[in-house]
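Peer 1: Working from the sequences, and respecting the hints, build out all of it.
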Amino acid sequence: MDRESSLAEAVEGILESYKQHGNINHIEATALPSKSRVTELLDDLLDLVFPGYFGEAPSFDEESSRYVIGERCARVLHDLTRAATRALRTVRPVATPRAELELEAQRAALSLLGTLPCVRDVLDTDVQAALSGDPAASSAAEVILSYPGVQAIASHRVAHQLYLLDVPLLPRMLSEVTHSRTGIDIHPGARIGPSFFIDHGTGVVMGETTEIGSRVKIYQGVTLGALSVRGRDGARGRKRHPTIEDEVTIYAGATILGGDTVIGAGSTIGGNVWLTRSVAAGTTVLLDAPSLLFR
Amino acid sequence: MDRESSLAEAVEGILESYKQHGNINHIEATALPSKSRVTELLDDLLDLVFPGYFGEAPSFDEESSRYVIGERCARVLHDLTRAATRALRTVRPVATPRAELELEAQRAALSLLGTLPCVRDVLDTDVQAALSGDPAASSAAEVILSYPGVQAIASHRVAHQLYLLDVPLLPRMLSEVTHSRTGIDIHPGARIGPSFFIDHGTGVVMGETTEIGSRVKIYQGVTLGALSVRGRDGARGRKRHPTIEDEVTIYAGATILGGDTVIGAGSTIGGNVWLTRSVAAGTTVLLDAPSLLFR
Amino acid sequence: MDRESSLAEAVEGILESYKQHGNINHIEATALPSKSRVTELLDDLLDLVFPGYFGEAPSFDEESSRYVIGERCARVLHDLTRAATRALRTVRPVATPRAELELEAQRAALSLLGTLPCVRDVLDTDVQAALSGDPAASSAAEVILSYPGVQAIASHRVAHQLYLLDVPLLPRMLSEVTHSRTGIDIHPGARIGPSFFIDHGTGVVMGETTEIGSRVKIYQGVTLGALSVRGRDGARGRKRHPTIEDEVTIYAGATILGGDTVIGAGSTIGGNVWLTRSVAAGTTVLLDAPSLLFR
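Chains as they are written, first to last, in my numbering: chain W, 11 to 305; chain R, 11 to 305; chain C, 11 to 305.
Honestly, the hints are just simulated from the structure, not real lab data. Keep in mind that the hints are not guaranteed to be accurate.
It does not matter which identical chain is meant; a pair holds if it fits inside one copy or across any two.
Heads up, simulated EDC-like pairs for lysine to aspartate or glutamate below, C-alpha to C-alpha not over 20 Å straight-line [stated by the list, open to error]: (1) Lys249 - Glu22; (2) Lys29 - Asp71; (3) Lys249 - Asp176; (4) Lys249 - Glu221; (5) Lys29 - Glu50; (6) Lys45 - Asp89; (7) Lys249 - Asp131; (8) Lys249 - Asp270; (9) Lys29 - Glu81; (10) Lys45 - Asp57; (11) Lys45 - Glu110; (12) Lys29 - Glu257; (13) Lys249 - Glu112; (14) Lys249 - Glu81; (15) Lys29 - Glu19; (16) Lys45 - Asp131; (17) Lys249 - Glu26; (18) Lys29 - Asp57.
Peer 2: Following this line, the structure appears as structure tokens:
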């Protein structure tokens, strides 16, 4: 068979497949938020919470900042309204008028902009936690520019606000951009207190109903997950992920599971520990030495 | 020494080094597949298997889909033929005529397009597995747009077809693009059954000769690897990685090693377990509680 | 409240927040190295150490290589001088004349170019280690194009030279670009001997004062970290991370902590082991089998 007819046959086969598997097509459907636009939106939001760090031009001065920031906020308002309208469309009745979705999306976008000062209040404590938690850190600029844990918590605190505003789909898309960049996977639903620091961070997973107190420090590869999943409807809405109280440190590779699991304040969880029950305040949990075999 | 002569000296030093380490140069050699082109090719292929999800424009309708898809298939055929020609050149005798390589590459590219409907048949089951396996998942759009595990298995199923078509180099380049994006490292040789779901996924590694049954679920940080490596020639071609039977769940951070290791159907492997031997069907393997020390 | 006044109010709130949290602003300040420029710089440097592998055009020949390489070196000299000047500005007294910083930055950039032949000497051994260490590897082109471990060590060996030249900020920014791409987080201060191979690599962490001998092999998820952190000033400058002697293999997920911890030559550390003390040469450390519970 020649090239042209082979290609034509392949195209027909693919088109036929689109008819058969309707649930993994998005044809004859309204547009979804675009991944590349959501990525740009996240970068604009990070520019707003950490002004002057990421651009290529010399940093703006105080006089021009009203214009720079005003323009950036207007762009975020426009792009976020557009993306949130598309996201809302996926969960609202088909007949919902576009104007109604847009108004709801715009309200959420304005609310998000309004929360950024509070987000910055908390991020200030996170940057301090990174500086005091890592002996290798030497300046705020260094941790903001090059610490994946700081990038992840900044992105999360913004995505979490969108989650609280009940915007569907978008918070998870934002968190996934950050997961892809940093290896840190924080569900936008997770509630995280101030002065939070993730060091290194690759492989960290924190589920939707995780709750974390103040001054908690987490290393790479830590999972705060669900103990088991017994079917969607039963589990959704229940608290499925652990609670970590104030001033807990969790070392690399530890896995803590279950919605009833509470790690008491001031506890230390050692590396590679697998824990599915609560521990009292001030407990240290380690892999017991005899579990190693030397030969 | 002034800037200009220092630069000239550095350039000479580097050129001299190119003469000495011939095996890490690619000078006076035919072009290799380009990393950025391979990335675009992967995105086109993902657009073909999940139509309408990733673009910025409103989704196309059924009437226009023949043209949109036909154009996309023609571009994949062109780009894949070009990349596969370059890849084949690296393993064929130098004297092989270009036309011969191109014909072989074109045949592989057409075959790949022909397999996409079957790839979609299986991906439909994977998307369903993600939806039913994660209580936090709310729609096919959400898991296709934002679940790294779904992105990884879609990319793998396409790369695996290219691997079966004996195209060198390219399948591994495709899988590495996905590894970089998702933290999930599946060798294109791995054989994976339907309804497969990787949750979170950062740090997952699955070796070349891994075999996986139906309805298997894997969490972040799981390694399905080789037990040991005793020299290239001896090991290549042998089964070096585990077999996972139907309906097995493997929790975060578990490491399962060895080509003779079989995890029997319906088994559950707990988090952080390190396992180098087979377990019978229906077994649950956990880290024993006493291995933890509380104080 | 209408859209315009809501937006204006949000902008004012954000500007107000910039006044309150001065330490997470970079306003009225000199420009920092730009993340996107640092990424391009890294790619140019990788092109210099592995010539002919990454471009889209057919590889250059020996005759044209002087011009291609000369132009690339001149660009690196320009871009690196610029970025290093900005980085030096963050640690020098405000009054330091720009010309003085530029001269220092240029000297470092020229020195870096001068070390690239030595960097290539060692990278040659690393590529050989990847080829002989992985039965699935079939050519130097394959490992250079698609092995994240090879990308990570190449990037590290360059960033480490900049670290030795006392350029602030930039080495860490370079290593973080690679961390984001590969999931491998090597602090630019780590000292690593020849014939080093990281397989798969996602989740690997190696701290600033890590020392690694020759022919060491490391798998995904391995941490070489600090045992504990007792405050910045006390800890900074001390050796806080392990020493790994020649011909050690460390399997997936092992965590080795502490500046006094020495893993003796020829040792093997099993998967998921958590180790905080030295082991003698030739030791094998495994998770003890009884720590698993089968039921």
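Peer 1: So which hints don't hold here, by number, going up?
Peer 2: Failing hints, ascending: 1, 5, 7, 11, 12, 13, 14, 16 and 17.
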